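In order, the protein sequences belong to chains V and Y. Per my numbering, the first sequence starts with residue 1, numbered consecutively. Per my numbering, the second sequence starts with residue 564, numbered consecutively.
Since the hints were derived computationally from the structure, they do not count as laboratory data. Don't take every hint at face value.
[Unchecked claim] Sample of chain Y residues with no beta-carbon within 10 Å of chain V, all distances over it, derived: (1) Lys-576; (2) His-582; (3) Gly-597; (4) Val-601; (5) Gly-611; (6) Ala-615; (7) Val-641; (8) Lys-646; (9) Leu-653; (10) Lys-669; (11) Met-671; (12) Thr-683; (13) Tyr-689; (14) Glu-692; (15) Arg-695.
[Claimed, not checked] Here are some of the chain Y residues that sit facing chain V, going by a computed Cβ distance under 10 Å: (16) Gly-578; (17) Gly-585; (18) Leu-592; (19) Gly-631; (20) Tyr-636; (21) Glu-663; (22) Ala-679; (23) Gly-680; (24) Leu-682.
Remember, predicted model here, so these are calculated numbers, not experimental data. Where a beta carbon is used, it is the ideal one built from N, C-alpha and C, also for glycine.
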Amino acid sequence: MNTGAQGPDIGTACVDWDEYLKAYYEKPTSTRTWSGYEVKEYYTPQDLAAQNYDEHIANPGSYPFTRGIHQNMFRGRYWTRREVIGMGSPSDTHQRVKLLLEHGTSGLNTISDITYEMGLDADHPWAQNEVGLTGVNISHIRDMEVLTKGVPLDKVSWSLITASPVAAVTMAQYVAVAQKRGYDISQLKGSIQNDPIHFRYCGFRPACPLELSIRLGCDVMEFCTRQMPKWYYTTVNMYDLREQGITAPQEVAFGFGIAMIYIDELLRRGLGVDEFAPRLTFYVSCHIDIFEEIAKIRAARRLWARMMRERYGAKDPRSMQFRFAVHTAGCSLVPQQPLNNLLRVAYEALAAVLAGVQSLHCCSYDEPICLPTEKGHLQALRTQQILAYETGVCNVADPLGGSYYVESLTDKMEEEIVKILQEMDAMGGMEQAIRTEWLDRKLELEAIERQKELERGERLVVGVNIFTSQPETETPLGVQRIPTESARAQIEETKALKASRDQKKLRESIERLREDALEGRNLLPAMIQATKAYATTGEIMGTVREAMGYPYDPMGVLGNPFK
Amino acid sequence: MGRSRKIKAILSKVGLDGHDRGVKVVAHLMREAGMEVVYLGMYQMPEGIVQAALEEDADIIGVSYLSGEHLVYTPLLVEEMKKKGLSDVLLLVGGVIPPEDIPALKRMGVHEVFVAGTLTQKIVRYINENVRELGRDSLVLEQRPEPLASSSDALC
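Could you put together the complete structure from these sequences and hints?
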């Protein structure tokens, strides 16, 4: 063994020098983008020759907003550094919110757990084992009070991640707490995900029948448009769809398809497009192919602007601006060699910022292993802060604008998105694509195809099918355990609350909610009133579901207790 | 090797967890590898899964967890399997599982855990080497089966 002055033995005897030589001369086996588009060796001014700059690209802040929705972009304001938080009880989640606030997060962002998204109270038989495992359950107004305790709701921008029709209840609970604390709700800033249509594809179909999704989703949108002008009332979630394995253009096309269902319904309700469109936002994935993701977002911006102007007759430029948050691609992360995920996230975050993102969530490196640990969460926030404060990426808007390659790829993405939109239009729009399960089939086929590409080695992932190593036996920064005791306590509190309410007030508010549901009125006012009367999430949702012809309990276990 | 039927697997989600992309892909690719797969879908409880395995005379039960519920439901599943006498059925777990929990799952009675990112060959090989003797045709492995794997699936 050769040690000492020569340094440690690096085991050169084991090196296969032929392999070394192969590695030295190795070249990429594929020159396709992540979504499978062949690209050229290099691009030249010829590739842009046909373009009229002012019409097709234009300066940042100018229609069609290819280069961004603000002229000065991050010079005006950094993107919002939002990290998604949710676990255990409302109190546990509150603690993590405070921790990240202490470390410079600039937007609050709390996510619901499965039980809450499904519309189940903490004491529901199906919920009891799972409360708090993947987010936070808000069973009633007191839970929302605990979650938001001590936070000045008129100063912060709170992003509430409830996607299913239960988003309407979340909004009611937030408003009810704000009103009880004396805030003027017209001044509240923040957003609610409120995209129930997409959520049927995320394992929540019993909670997301299509009619209920459109009705409640648009009730929130309409209510906020009229009463809470500073609130972003939906974040159409194309990210979740992308996570199913679809391509970049499919992500945008399917997201736009869903957005158009909401827009058509809001127009049908008599709102003007320029009344509501400026507050419509999107949640976009940034996957691992840096240039394709940037091109995808630039194409989405241009296409959205044109659609809003030409298809919907928008006049206000703000209605034409594609506003979006980015979630780095959870499905690009793997548990093998987990620290590699830090680098994947950093590249994806870089793409988001170069594409002019408004608000960013970086995945924690431990996402494919467990819910984020404190350290993992902080590291994700630090990734954003290094980007924002050290790398100089904030100095110039759309720094890749004019790149022969990026502009060409932007055109390519746009062309592909349009093709899919036309295909969906031809079958009667997204609503038909959903009803006929065309979209289900697409999602499933694409997922299988992505996996086969990986298996065949056409798609390479370090640690999975290239540069593999022994399986991990431990997680570098530890594993997040969900504090089950506090979730237990939440179940007991919910039971106690149900036993101690003013029954008369409760029943009156439930009856009004039922009538409004039957009469087709906007349900937010009645939901807010019911929330203040201590009606629970399950009771509010159940009442509305039943009035609309669905089983009271999406899991089919509980009956209506008000009968 | 005269096996009379294909290897048969029951795949399922457990509880409320709706992350089903990975398990559906696995089900599809196991079929392509020559196995018979019954995917029960979402919102299944241990009793129902074991009952299905019993009725289908399955050789394998495979469950997918991506929401941290593996330590909650696995003991219930194992207990139910014991109760119904499925001692020679392979119990496989896939999904988002911290490596620290794998020994505990194995102590409970899980035969193998395939975390996100596992390639198919590994799963198929494991099944062929460990499935109970069926007295039936083994998979023709010279024909490399279409591989399958559990996929990393982000939290929605």
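Okay, the hints, checked on the actual structure:
1. Lys-576: The claim breaks: Lys-576 (chain Y) does not keep its Cβ more than 10 Å from every Cβ of chain V (closest is about 8 Å).
2. His-582: violated, 6 Å
3. Gly-597: Label holds. Min Cβ-Cβ 16 Å, cutoff 10 Å.
4. Val-601: holds, 17 Å
5. Gly-611: holds, 13 Å
6. Ala-615: holds, 18 Å
7. Val-641: Non-interface label stands for Val-641 (chain Y): nearest chain V Cβ at 16 Å, farther than 10 Å.
8. Lys-646: At roughly 19 Å from the nearest Cβ of chain V, Lys-646 (chain Y) sits farther out than 10 Å, so the non-interface label holds.
9. Leu-653: holds, 19 Å
10. Lys-669: holds, 12 Å
11. Met-671: Nearest chain V Cβ is 16 Å from Met-671 (chain Y), so the label holds.
12. Thr-683: The claim is violated: Thr-683 (chain Y) sits with its nearest Cβ about 5 Å from chain V, within 10 Å.
13. Tyr-689: About 13 Å separates Tyr-689 (chain Y) from the closest Cβ of chain V, which puts it past 10 Å; holds.
14. Glu-692: holds, 17 Å
15. Arg-695: Holds, since 25 Å exceeds 10 Å.
16. Gly-578: holds, 6 Å
17. Gly-585: Status holds, d = 8 Å.
18. Leu-592: holds, 7 Å
19. Gly-631: With a closest approach of 5 Å, the Gly-631 (chain Y) hint holds.
20. Tyr-636: OK, holds: Tyr-636 (chain Y) within 10 Å of chain V, min 7 Å.
21. Glu-663: holds, 5 Å
22. Ala-679: holds, 5 Å
23. Gly-680: holds, 4 Å
24. Leu-682: holds, 6 Å
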